[in-house]
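Visitor: Residue numbers (numbering that gives the first Met the number 0): 0 to 371.
Incorrect hints may appear among the rest.
To be verified - The calculated lysine to any residue pairs, modelled on SDA-like cross-linking and capped at a C-alpha distance of 20 Å, are:
no., residue 1, residue 2
1, K201, E233
2, K230, Q118
3, K59, E70
These are computed hints drawn from the structure, not numbers from a lab.
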Amino acid sequence: MNTIGLVYDKLTSDEEEIILEAERRGFQLRYLFVKTPVESYLPESKLVDLPVVFNRCESKSRALEAGRIIEGRGIPVVNPFKVEYLCADKVETIKLWFKNGVDTPRWVYIPFTSSDGFQEDEIEGIADEIEKLGYPLVVKPTMGSWGRGVVKVECRDELIGILREARPSSVNPTGFFAQEYIEKPGFDLRILVGLRPDSCIKVLCGIARISPSPEEFRTNTHLGGIPLGLKLNENDRLVNEAERAGDIILNGCRWGIVALDAMPDAKGIDYSIVYEYVTECSILFQQVRRIVEENRQRRYRVWKNILEEAFSRYKSSEIYMRMEGILHEILESCKIKWHEANSRFDYAVNTRNASGFNPATFYIDIAEDLAR
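Please model the entire structure based on the sequences and the hints provided.
Guide: This is how it looks when you write it as structure tokens:
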């Protein structure tokens, strides 16, 4: 029986899905729990005879260090270190896409000039440069996730205030990142793409994430966003763009699985109908949220079926199906702006259930290919 390595710093429902799929397909798992310093938790003795290791560290710094160590010992890692490094930095991702002709939001990146951020006499000039994006604009940490630290800036006074407070940190270590504000039609997109050894990149699944109100521009499900599955077979343009964006991220690799985040640009499009149904959709989805919250301290496999039943009721509702049709119709009229790639993405609760595809199966597909 083949053994797969699973390196992690926190076991979540996402890792549980990998564990369940590995068990179902006859793999054993070697659990590689890490903290800082990562190297002390990954001695060579723990990595012997592993055909592949899944890198599922939630901490980006630990994920990078674990990937470097394991790959340095000649063991295949999902995802490869190159992909992990690229996805960890929003600036590097968007620069690479821009360089290769992928449609992205306009952006500005200003490196910090001191350990305290920026000097007072520099701030007005930096603001002048960033203002070329126009207002409103969005400021975000280069290494953050789940929408934390993402701020919509409406005017120069707000921007100056943020620049004065900006400091190097773990999620923003080297500079200040600002991005053009894209008027979304009340939702954004998360598309998963994957690559198996000796195969071509393919789009695996996708969801829309609907903001709970017109006042909240962030759509992350951690912040109240509502997931809705995408019928990707009905939108060849979106699939082709996702394959191209994913191919650039995974270029030079033989395997990998990443989540790509994109924003439909709804400038000039009437999408008010989305918010006519959001409240009702959100009320229905609260049943799913309640199950997750009530079972947070229990092992996922115990309540997984209850979650799936609740999601099934949500997806079979008339309001869900109506919203599904509305979103697909709007998407046909929107340009797509690609802006982030995620190497360690969450999927067990929302993406898996909303899309009907379990990314854990693709992880194990890669393991089977590499174990042959």
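Visitor: Work down the list of hints and note, for each, if the structure agrees.
Guide: Results of checking the hints against the structure:
1. Between K201 and E233 the alpha-carbon distance is near 16 Å, which keeps this suggested pair within the 20 Å criterion.
2. With a CA separation close to 50 Å, the supplied pair K230 and Q118 exceeds the 20 Å bound.
3. Between the alpha carbons of K59 and E70 the distance comes to roughly 16 Å, so the proposed pair stays at or under 20 Å and holds.
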